[in-house]
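Chains E and U, in that order, give the protein sequences.
First residue of the first sequence? That's 1 in the numbering used here, and the numbers climb one at a time after it.
First residue of the second sequence? That's 1 in the numbering used here, and the numbers climb one at a time after it.
No lab work stands behind these hints: they were computed from the structure.
Each hint should be verified, as a subset may be incorrect.
You can't tell identical chains apart in this list, so a pair holds if it fits in one copy or across any two.
Claimed, not checked - Below 20 Å or equal to it, Euclidean Cα-Cα: the simulated EDC-like pairs (lysine to aspartate or glutamate) are:
#: 1; residue 1: K74; residue 2: D237
#: 2; residue 1: K120; residue 2: E215
#: 3; residue 1: K267; residue 2: E113
#: 4; residue 1: K48; residue 2: D250
#: 5; residue 1: K136; residue 2: D79
#: 6; residue 1: K74; residue 2: D269
#: 7; residue 1: K20; residue 2: D239
#: 8; residue 1: K76; residue 2: D268
#: 9; residue 1: K74; residue 2: D258
#: 10; residue 1: K20; residue 2: D258
#: 11; residue 1: K110; residue 2: D239
#: 12; residue 1: K120; residue 2: E40
#: 13; residue 1: K76; residue 2: D60
#: 14; residue 1: K20; residue 2: E222
#: 15; residue 1: K267; residue 2: D172
#: 16; residue 1: K20; residue 2: D148
#: 17; residue 1: K110; residue 2: D148
#: 18; residue 1: K136; residue 2: E24
#: 19; residue 1: K136; residue 2: D41
#: 20; residue 1: K221; residue 2: D239
#: 21; residue 1: K267; residue 2: D168
Please read all numbers here as calculations on a predicted model, not as lab measurements.
There are 2 protein chains.
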Amino acid sequence: MRPLLLIPTFALLAAAPAPKTPTEIVAAAPAAAWRTIPAEDLLVMQLKGGQRVVIQLAPDFAPVHAANIRLLSKAKWWDGSAIYRVQDNYVVQWGKNESADPLPAGVVAKPPEEYARPVKGLPIHPLGYADAYAPKAGYALGWPVAYDPAGGTANLVHCYGYVGVGRDMAPDTGVGGELYAVIGHAPRHLDRNIAVVGRVLAGIEHLSSLPRGTEALGFYKERTSDVPVAWVRLASDVDAGERPSFQYLDTGSASFADFVRARANRKDDFFIRPAGGVDVCNAAVPVRPTPAG
Amino acid sequence: MRPLLLIPTFALLAAAPAPKTPTEIVAAAPAAAWRTIPAEDLLVMQLKGGQRVVIQLAPDFAPVHAANIRLLSKAKWWDGSAIYRVQDNYVVQWGKNESADPLPAGVVAKPPEEYARPVKGLPIHPLGYADAYAPKAGYALGWPVAYDPAGGTANLVHCYGYVGVGRDMAPDTGVGGELYAVIGHAPRHLDRNIAVVGRVLAGIEHLSSLPRGTEALGFYKERTSDVPVAWVRLASDVDAGERPSFQYLDTGSASFADFVRARANRKDDFFIRPAGGVDVCNAAVPVRPTPAG
Numbered sequence: 001m002r003p004l005l006l007i008p009t010f011a012l013l014a015a016a017p018a019p020k021t022p023t024e025i026v027a028a029a030p031a032a033a034w035r036t037i038p039a040e041d042l043l044v045m046q047l048k049g050g051q052r053v054v055i056q057l058a059p060d061f062a063p064v065h066a067a068n069i070r071l072l073s074k075a076k077w078w079d080g081s082a083i084y085r086v087q088d089n090y091v092v093q094w095g096k097n098e099s100a101d102p103l104p105a106g107v108v109a110k111p112p113e114e115y116a117r118p119v120k121g122l123p124i125h126p127l128g129y130a131d132a133y134a135p136k137a138g139y140a141l142g143w144p145v146a147y148d149p150a151g152g153t154a155n156l157v158h159c160y161g162y163v164g165v166g167r168d169m170a171p172d173t174g175v176g177g178e179l180y181a182v183i184g185h186a187p188r189h190l191d192r193n194i195a196v197v198g199r200v201l202a203g204i205e206h207l208s209s210l211p212r213g214t215e216a217l218g219f220y221k222e223r224t225s226d227v228p229v230a231w232v233r234l235a236s237d238v239d240a241g242e243r244p245s246f247q248y249l250d251t252g253s254a255s256f257a258d259f260v261r262a263r264a265n266r267k268d269d270f271f272i273r274p275a276g277g278v279d280v281c282n283a284a285v286p287v288r289p290t291p292a293g
Numbered sequence: 001m002r003p004l005l006l007i008p009t010f011a012l013l014a015a016a017p018a019p020k021t022p023t024e025i026v027a028a029a030p031a032a033a034w035r036t037i038p039a040e041d042l043l044v045m046q047l048k049g050g051q052r053v054v055i056q057l058a059p060d061f062a063p064v065h066a067a068n069i070r071l072l073s074k075a076k077w078w079d080g081s082a083i084y085r086v087q088d089n090y091v092v093q094w095g096k097n098e099s100a101d102p103l104p105a106g107v108v109a110k111p112p113e114e115y116a117r118p119v120k121g122l123p124i125h126p127l128g129y130a131d132a133y134a135p136k137a138g139y140a141l142g143w144p145v146a147y148d149p150a151g152g153t154a155n156l157v158h159c160y161g162y163v164g165v166g167r168d169m170a171p172d173t174g175v176g177g178e179l180y181a182v183i184g185h186a187p188r189h190l191d192r193n194i195a196v197v198g199r200v201l202a203g204i205e206h207l208s209s210l211p212r213g214t215e216a217l218g219f220y221k222e223r224t225s226d227v228p229v230a231w232v233r234l235a236s237d238v239d240a241g242e243r244p245s246f247q248y249l250d251t252g253s254a255s256f257a258d259f260v261r262a263r264a265n266r267k268d269d270f271f272i273r274p275a276g277g278v279d280v281c282n283a284a285v286p287v288r289p290t291p292a293g
């Protein structure tokens, strides 16, 4: 009994809905799958040229460094500072010399490592594909993580747009006054060697398109090449009228699981051969401005 | 019997040579480990602003597309063309509409796929670490490859700076008249879906630092935003006095094996915890201008 023979195969194929693209899956995610980021976790960097960069801090992974950054922002530490390093396929770095200027009250001068944290307490959703740098990769609390179930530690990952704390040689971990953002292929060798403290949510193009520095490590040769920073504030300290607000897709939601699966198996439109895999930095946690209303 | 107790531990440590950095290993590689790239495999793109980009073609992986590109260059196809798309963390794209302009004689209008090639005949040196996109990753003939030993195919990898052939929907594979270079995290989902035809050896910063396009997919909105290309030539057709020449480190050499090992296990200077792994795009095949003499 093969009743379906009455229906031509091509009609069956035509009737099958086209696989959704990752973008379509994100667009269709219900409101309940989105998490609004607290305003005190958003750092707004206004360049003197008028461009704006918005960074989400990661206090669940680097609480002392995040607290330092909040205090530095409240003390207007970065107002009048500059971007002074742009290294192609690597990082953009900005800030002010932590050892030359007195630190504001409350800032911890020698923060603990915060390069990794216990897996315990983290609701990790495994990526499900191999990672070249760690036993496992996945997502937790809206962030990409690499982790070692045996060792019991997890770390934030140096993906494109992720923000780390500049430091000198070990065991110094950096105060948080000099920060960098990744503008190239994920430099995962920095994982667990530097405190990752957040990610750029908006405006990364104002950093990634800057002229590359010509000195070693991409430092600008002349101070006249530096890109001036007008001010840096927590969103909670920005006037309500121009306060940014962002949401991320809950990494425990069904929509996010669908999104990762679609990123690993592109079948839409253009694609001929789904990869059947994806790396954790190539399935970036979706973010969006908080919808009005 | 513990004779070494006579020697203080710190002295032993001080006597141990510091591990070489990847850069030091490359600098110490013998001349015999370097391979000079034939001038007919080098494509020179001169922007109207004076910046120069040098691309190495990959005829071992995409012979028909590489032959097309050589013919297009000899026919001055790209002279007066433009860069018209810059998408952040993705690609810069340039060229001329393949369907609007008549193709020069000899150019194959419908090239075969060339998205992968047989493993057979490729001297592959395995990376030795997991790959999220393919059963194996490694290097062959100076290029990063992903491969499937069971299926018997290997493909060039979409790493930072790698150049692919723009195409329309399948089964079109593109002529080679519209090219793109990767300027972000390796978009490995494009592997085996597009012909990778080479890589940028020099001048990638002239592409990666361009203003991002504001239209969908990073296209420039206004034609006045386009970045004009003065000319494109094979190095073999450039005047001897300004002809570029480059070498790559033989991916079968002991120096290259040491380099990959060091990239996967950074112990020098700054590093506290070696990753114990690396992805194939984060251990990029070293290239250099051919030394004088």
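Here's how the hints hold up against the structure:
In this homomeric assembly, K74 and D237 come within 20 Å of each other (Cα to Cα) only inside a single copy, at 8 Å, whereas the closest approach across copies is 59 Å. In this assembly of identical chains, K120 and E215 lie within 20 Å of each other by CA distance neither inside one copy nor across copies; the values are 43 Å within and 44 Å between. Taking CA atoms no more than 20 Å apart as the test, K267 paired with E113 passes between copies only; the shortest distance there is 18 Å, against 42 Å inside one copy. Neither within a single protomer nor between protomers do K48 and D250 lie at most 20 Å apart by alpha-carbon distance, with minima of 34 Å and 47 Å respectively.
With identical chains, the CA atoms of K136 and D79 are never at most 20 Å apart, being 40 Å at best within one copy and 49 Å at best between copies. In this assembly of identical chains, the alpha carbons of K74 and D269 never lie at most 20 Å apart, being 48 Å within a copy and 34 Å across copies at closest. In this homomeric assembly, K20 and D239 never come within 20 Å of each other (Cα to Cα): the closest approach is 39 Å inside a single copy and 52 Å across copies. With identical chains, the CA atoms of K76 and D268 are never at most 20 Å apart, being 48 Å at best within one copy and 36 Å at best between copies.
With identical chains, the CA atoms of K74 and D258 are never at most 20 Å apart, being 40 Å at best within one copy and 47 Å at best between copies. Within a single copy, K20 and D258 get their C-alpha atoms as close as 9 Å, which meets the 20 Å cut-off; across copies the closest is 44 Å, which misses it. Within a single copy, K110 and D239 get their C-alpha atoms no closer than 32 Å, and across copies no closer than 58 Å, so neither meets the 20 Å cut-off. Proximity of K120 and E40 under a CA criterion of 20 Å is satisfied in neither setting, with 25 Å inside one chain copy and 57 Å between copies.
Taking identical chains as interchangeable, the C-alpha atoms of K76 and D60 are never at most 20 Å apart, the minima being 24 Å within one chain and 56 Å between chains. Taking CA atoms no more than 20 Å apart as the test, K20 paired with E222 passes in neither setting, with 49 Å inside one copy and 31 Å between copies. Proximity of K267 and D172 under a CA criterion of 20 Å is satisfied inter-copy only: 16 Å between copies versus 47 Å inside one chain copy. Proximity of K20 to D148 under the C-alpha cut-off of 20 Å is found in neither arrangement, the shortest distances being 33 Å within a copy and 28 Å between copies.
In this homomeric assembly, K110 and D148 never come within 20 Å of each other (Cα to Cα): the closest approach is 27 Å inside a single copy and 48 Å across copies. Taking the shortest Cα distances, K136 and E24 never come within 20 Å of each other, neither inside one copy (28 Å) nor across copies (31 Å). Taking the closest pair of Cα atoms, K136 and D41 never come within 20 Å of each other, the shortest separation being 27 Å inside a single copy and 40 Å across copies. Within a single copy, K221 and D239 get their C-alpha atoms no closer than 36 Å, and across copies no closer than 32 Å, so neither meets the 20 Å cut-off.
For the identical chains of this complex, K267 and D168 are inter-copy neighbours only, at 15 Å across copies versus 46 Å inside a copy, given an alpha-carbon limit of 20 Å.
Consistency with the previously given hints fails for numbers 2, 4, 5, 6, 7, 8, 9, 11, 12, 13, 14, 16, 17, 18, 19 and 20, ordered from lowest to highest.
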